[in-house]
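A.B. asks: Residue-level listing of the chains:
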Amino acid sequence: MKERLYVVGFMIVLGLVAAIVLTAANALFKPLYEANKEREAKGNVLIALGIEGWDKTRVKTATMETIKTAFDEHIEEVTVEITLGDGAGATTKPVTFYKGFSAKPHTDETFIGYAFLITGAGFWDRISGYLAVDPAVEKVIGITFYEDNETPGLGHKINEPEWQRLWLGRSIFKLGTDKPWIGIVPPGTALKSNEVHAISGATETSGALQKFANSQLAEFVIAVRKHTGKSPSE
Amino acid sequence: MADQVATTPAFLKWFKTKKGAAMIEQVWAENPIFRQILGICSALAVTNLLRNTLIMCVALIFVNVCANMIISAIREFTPRRTRMITQVLIIATFVIIVDLMIKAFAYEASKQMGAYVGLIITNCIIMGRAEAFASKNTVSMTFWDALGSGLGYSVVLIAVALIREPLGFGTLFGYRILPETPIFQWQLMVLPPGAFICLGLLVWIGRSLIPEKEEAAAP
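If you're matching them up, the sequences are chains A and B in order. Each number in our numbering corresponds to the 1-based position in the first sequence with 647 added. Each number in our numbering corresponds to the 1-based position in the second sequence with 78 added.
Because the hints were derived from the structure by calculation, they are not lab data. It is possible that part of the hints are untrue.
[As the list claims (entries may be wrong)] Mimicking DSS-like on lysine-lysine, the simulated pairs with C-alpha atoms at most 30 Å apart in a straight line are: (1) B:Lys-189 with A:Lys-677; (2) B:Lys-189 with A:Lys-715; (3) A:Lys-684 with B:Lys-189.
Could you put together the complete structure from these sequences and hints?
C.D. replies: The following block contains the structure:
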């Protein structure tokens, strides 16, 4: 009996010590980790919008202060409540997007475009990035990813500038319609104005990206129209 | 004999001591990967970039040394029946600390290494040394043994990474050393099968160099 109590007591003490150590480590390192994540997210908004002087290398090396300053100078964050569905099944959802400006003051002249988060399940793991569109909300002006775990050399090529350049200038609507949709189609097929070629060999990654990017694009279009008060015909 | 001892430099003599021998045995004769084929999960996963490999090696050495020293320090008080769970708890605590530190100070690498830092918990090298050595030996002996097995693991991982990164990406430590053409970007080396091939070849070479000793005694 005494020995059993000793075993239980030993494990409780050990568990408590481990819990205290881990709580302390968490308190010490979590803020740094969170800051890294925030720095990266903010930096990638700058990259997606093509803010001058910002690229992947600079975001990786810049300090939090530098990125915050640049973010404050160039970016305005907007959150809009949108209504999805209609009638009794309607739900509201906050959608956040970013307005990019080449410099202060933030006017129509310095307005570069909008950027919004695209994120969802990839082939292996979550993919996250930003898609940027022009002020008229018609064409892609930039795309960047900051989180993915796709197959190196295949799906991971979504990070290559060569592939991201294919997106520039593509329409975000199906030709002649009001439906937001960017198609990622097999390499070699003829492209419509709202399509880009997939990475060969990365069918799954491309399919996943097409799915979540378009669902977030559709939400963004609703949100940005509510924000500007413009319907597509205007 | 006396002449030989006199000509041996002092730092080499240290390797002849009990502690030094315990360490060297883990690095070479009982190398965890060559001799015991332990811990190869992470050896396959993180060795396509030298930088990630080094971070992994430092993390493993840190966990191996700290966890085993504590396991050794409390070995007299640890109830035999809960020996294993005690070891896992201590190892897991250090792994979580390392994981948090990598996320805080080497964010880019932490994203690429993903789950493999957490998987150090189940690394057989640490569990194996805890059970086979730390739970029976003094803290200072455990330190050298754990350092040795960590270094033994690291030597092999770095060797694999030195083959994989140049052949797979054409770079070394992120610096380009081979022209950026498809010929020098060998997909196989980037993916885990490339590690299997490298590791297999290294184990073959390693085993033929390390003198056989206990093999015959094994059943």
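A.B. asks: Give a verdict on every hint.
C.D. replies: Evaluated hints:
{"no.": "1", "hint": "B:Lys-189 with A:Lys-677", "verdict": "15 Å, holds"}
{"no.": "2", "hint": "B:Lys-189 with A:Lys-715", "verdict": "22 Å, holds"}
{"no.": "3", "hint": "A:Lys-684 with B:Lys-189", "verdict": "11 Å, holds"}
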